[in-house]
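J.: Each chain is listed here by its residues.
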Amino acid sequence: GEDVEQSLFLSVREGDSSVINCTYTDSSSTYLYWYKQEPGAGLQLLTYIFSNMDMKQDQRLTVLLNKKDKHLSLRIADTQTGDSAIYFCAERYTGKLIFGQGTTLQVKP
Amino acid sequence: NAGVTQTPKFQVLKTGQSMTLQCAQDMNHEYMSWYRQDPGMGLRLIHYSVGAGITDQGEVPNGYNVSRSTTEDFPLRLLSAAPSQTSVYFCASSPGIGQPQHFGDGTRLSIL
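Protein chains in written order, with my numbering: chain A, 1 to 109; chain B, 1001 to 1112.
Since the hints were derived computationally from the structure, they do not count as laboratory data. A hint or two may mislead.
As the list claims (entries may be wrong) - Simulated restraints, written as ranges between beta carbons of each label pair:
| hint | chain 1 | residue 1 | chain 2 | residue 2 | range |
| --- | --- | --- | --- | --- | --- |
| 1 | B | P1008 | A | K68 | 43 to 51 Å |
| 2 | A | Q44 | B | S1067 | 21 to 29 Å |
| 3 | A | H71 | B | D1038 | 33 to 41 Å |
| 4 | A | L45 | B | S1067 | 23 to 31 Å |
| 5 | B | Q1057 | A | G15 | 43 to 51 Å |
| 6 | B | M1019 | A | L45 | 28 to 36 Å |
Stated by the list, open to error - To give an idea of the chain A side of the interface with chain B (calculated C-beta under 10 Å), a few residues:
| hint | residue |
| --- | --- |
| 7 | V4 |
| 8 | Q6 |
| 9 | G15 |
| 10 | Y33 |
| 11 | Y35 |
| 12 | G40 |
| 13 | L43 |
| 14 | L45 |
| 15 | G82 |
| 16 | S84 |
| 17 | F88 |
| 18 | R92 |
| 19 | G100 |
Just so you know, these numbers come straight off a predicted model, no measurement behind them. The beta-carbon is built from N, C-alpha and C at its ideal position, and this holds for glycine as well.
Based on the provided sequences and hints, a complete structural model is requested.
T.: Here you go:
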């Protein structure tokens, strides 16, 4: 079946950039998404990218898509303590969303 | 803006009990879905619905039933709870299948 893989943990210092990586298996994915989950809350859509794009920038967030390698990344510039959360990537597969395991981002002051 | 509302927020059940997790959305979204979240496994799709009267199975449907009699509501039923169903359950909705989903805050369910 389709699979989305993420590393489980990332620790950065406040003010540094964070890069969260994701790989997926379905080459026909049309949209890829990044969600953020804060403790005790549901998932909040951060951004998404269409498969015919290589990059999308939205304020401090930059999404890079390498379709050849089926690799998606989320860069957070000037990471703040409020960015501490679990980040999920997801691919659209046959209309449904397939989620990765989530990457826990720890931001140290 | 209520968005997606899930009730209850917490529940403890005994093995073999039944219960219904409620989900309601006020955005007139056609697509609704239920996920369970377990440590290290991300979110797994249980059931989904593309519109009132239509439901289908996701990745892990066993032990769960759903119905969609209205656009707004999509309840999830556990017929005979098992400890393996201890999890956090999220309901989500979107205007259409594959479009960005709006999530509820989750129901934390423990089966003893």
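J.: Checking hints one by one. Is A/G40 an interface residue toward chain B, by the C-beta closer than 10 Å rule?
T.: Holds - the Cβ of A/G40 comes within 10 Å of chain B, reaching about 8 Å at its closest.
J.: Kindly confirm whether 43 to 51 Å is satisfied by the beta carbon distance between B/P1008 and A/K68.
T.: Roughly 46 Å apart at Cβ, these two residues keep to the hinted range, so it holds.
J.: Is it true that the C-beta distance of A/H71 to B/D1038 lies inside 33 to 41 Å, as the hint says?
T.: Violated: the Cβ-Cβ distance is about 25 Å, outside 33 to 41 Å.
J.: Does A/G82 pass the interface hint, meaning its C-beta sits closer than 10 Å to a C-beta of chain B?
T.: violated, 18 Å
J.: B/M1019 and A/L45, beta-carbon distance inside 28 to 36 Å?
T.: Holds, at about 29 Å.
J.: Given a hinted range of 21 to 29 Å, is it respected by the beta-carbon distance of A/Q44 and B/S1067?
T.: Taking Cβ atoms as reference, A/Q44 and B/S1067 lie about 28 Å apart, which means the hint holds.
J.: Holds or violated: is the Cβ of A/Q6 closer than 10 Å to a Cβ in chain B?
T.: holds, 8 Å
J.: Should the interface hint for A/Y35 be scored as holding, given a Cβ-Cβ cut-off of 10 Å against chain B?
T.: holds, 8 Å
J.: Please verify that hint: A/F88, Cβ, nearest Cβ of chain B, below 10 Å or not.
T.: holds, 6 Å
J.: Are A/Y33 and chain B close enough, Cβ to Cβ, to be under 10 Å, as the hint says?
T.: holds, 6 Å
J.: Determine whether the Cβ-Cβ distance between A/L45 and B/S1067 falls within the hinted range of 23 to 31 Å.
T.: 27 Å Cβ-Cβ, so the 23 to 31 Å window holds.
J.: Per the CB criterion, is A/G100 less than 10 Å away from chain B?
T.: Cβ of A/G100 sits 5 Å from chain B, so the hint holds.
Of the numbered hints listed earlier, those contradicted by the structure are 3, 9, 15 and 16.
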